[in-house]
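*Asks:* Read off the chains here:
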Amino acid sequence: MHTYMNDPIEVTVDFFGHRIRPREVRWSNRRYPLQCVNLVHGALEGAKRIFYFSVSDKTNFMKLRFDTETLEWRLVEIYTD
Amino acid sequence: MPILMHIDFNSYFASVEQQANPFLRGKAIAVGGKGKGLGGSTRSVVATASREAKARGVKTAMSTWEAKKICPELIILPGDPQKYSDITNRLITICTKYADQLEQFSTDEVFLDVTQSAQDYFGATLLAQTIRAELKAACGSACTASIGVAPNKLVAKLASESVKPNGLTVVLPENVAAFVATRPLKEFCGIGRQTERALETMGATSVATLRAISREQLVARFKSHGAWLSNAAHGKDNTPLAVDAPAKSIGHSYTFPANLLTKHDVWKNLLALSDRVASRMQHGYVVGFRVNAFVRYGDFSQMGGDKLFKEPLRDGLGIAKSAWSILLPNIDYARGVRLIGVTVSALQKNSVPPSLFRKTEKMHSVLGALNTIQKRFGQHAWQRATTAGTMLLERTSGWHYDHELAA
Ligand SMILES: [Mg+2]
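From first to last, the protein sequence lines stand for chains A and B.
The opening position of the first sequence corresponds to residue 1 in my numbering, with each subsequent residue numbered one higher.
The opening position of the second sequence corresponds to residue 1001 in my numbering, with each subsequent residue numbered one higher.
Be careful, since some hints might not be right.
With a Cα cut of at most 20 Å, we get these calculated DMTMM-like pairs of lysine to aspartate or glutamate [to be verified]:
1) Lys1068(B) x Asp81(A)
2) Lys48(A) x Asp1086(B)
3) Lys1164(B) x Glu1052(B)
In case anyone wonders, no lab produced these hints; they're calculated from the structure.
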């Protein structure tokens, strides 16, 4: 099941030099410890840079959106088999 | 003698999706797009099928309805152009490092001239392996590519096509004629469906039978294309890389999931579209002087026009304002805007700005204006799918891909 959304979430990340790696997502009072960062891609929205993290845990795929201007994280897609 | 390389991502959009989402790997998936139906109407088609879906008979440009019928477990995803263009850029960045010259042939294909950088076919083979390793590191192991190396574009493409996925096929000059004889005519880039059918009526259904037809006969039937066919049958081709063929125009159009009914919504979406146009212009290092803008209403009638500007257009806001000046006087919100299109043409290579100061000044004014718009229209440019009518969604079938599918 693929669901598209735009929900504010909290994300714990690790920093590696100038890179960040999402470690855990908190979404509607649930914690999702992440296992894999499968793909990171960027996009421009007007003048601001957005990063998307395609991540997964044991059962869910999530696409996270990080706004580099407001430093806000959102969950934009979720997929469960 | 030149050494050409053709690199082609396998099942491109589907592979990128499988890279992003590991739960889709090994499954029959398809990325949907828009194709042309009868009478110019648009219909939902398969833009790319994963190799698992292809194995079950799903083909590019097949209607999604038909695809579902032959493969009921097929997972159909809407496209995510930002993701694909980011991956395409990685391919180009990597290849640019190694090639003498590069031609981007499509979203997922490049031709490289590696004559100087590779020196010989051994060097070219090493280069291909290096590129493959870097692609894997940059794009992930689900994004595989097939590579062909040969003395010309025609054979390089036939070579990459001959082994999928993840193939590396090197055709040495002395093996060209024999290799070409093993390939079906429909794989030749330059032999379309029409030519294939016409050749069939002349008795040519394979390379061997095509070789049996005289050059004179082919020229009599196909004019200059006949001479090309006669050469192609022997793997001869001298088409140069199209390195400096800049686009004539850059545009985007978008069909909204729900009709737009207010000035505010139309402006906001026009700006978002213009930003995409601007970002592609910046990518190609071009500026433009002509803007075409149009809207299609809910009843499919259309309104729009063209304007030529003295000052070059280069940023999203400038393009949006120019497009707005075309649309604003005539737009009828009551009819509901279903589609907006913005195209910039009269493109020129972006020359160095007269002074860095002027450039930064311009940037500041753009940022300032963007901020004003954001203040006026609210913080969140992107909204929930339930209020989708007001904004371009992250992924929707509304995007019209740059490479339109012929159906
Ligand atoms: Mg391909």
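*Asks:* If a hint holds in the structure, say so; if it doesn't, say that too.
*Replies:* Comparing the hints with the structure gives:
1. Lys1068(B) x Asp81(A): holds, 18 Å
2. Lys48(A) x Asp1086(B): holds, 16 Å
3. Lys1164(B) x Glu1052(B): Roughly 13 Å between the alpha carbons, so the hint for Lys1164(B) and Glu1052(B) holds.
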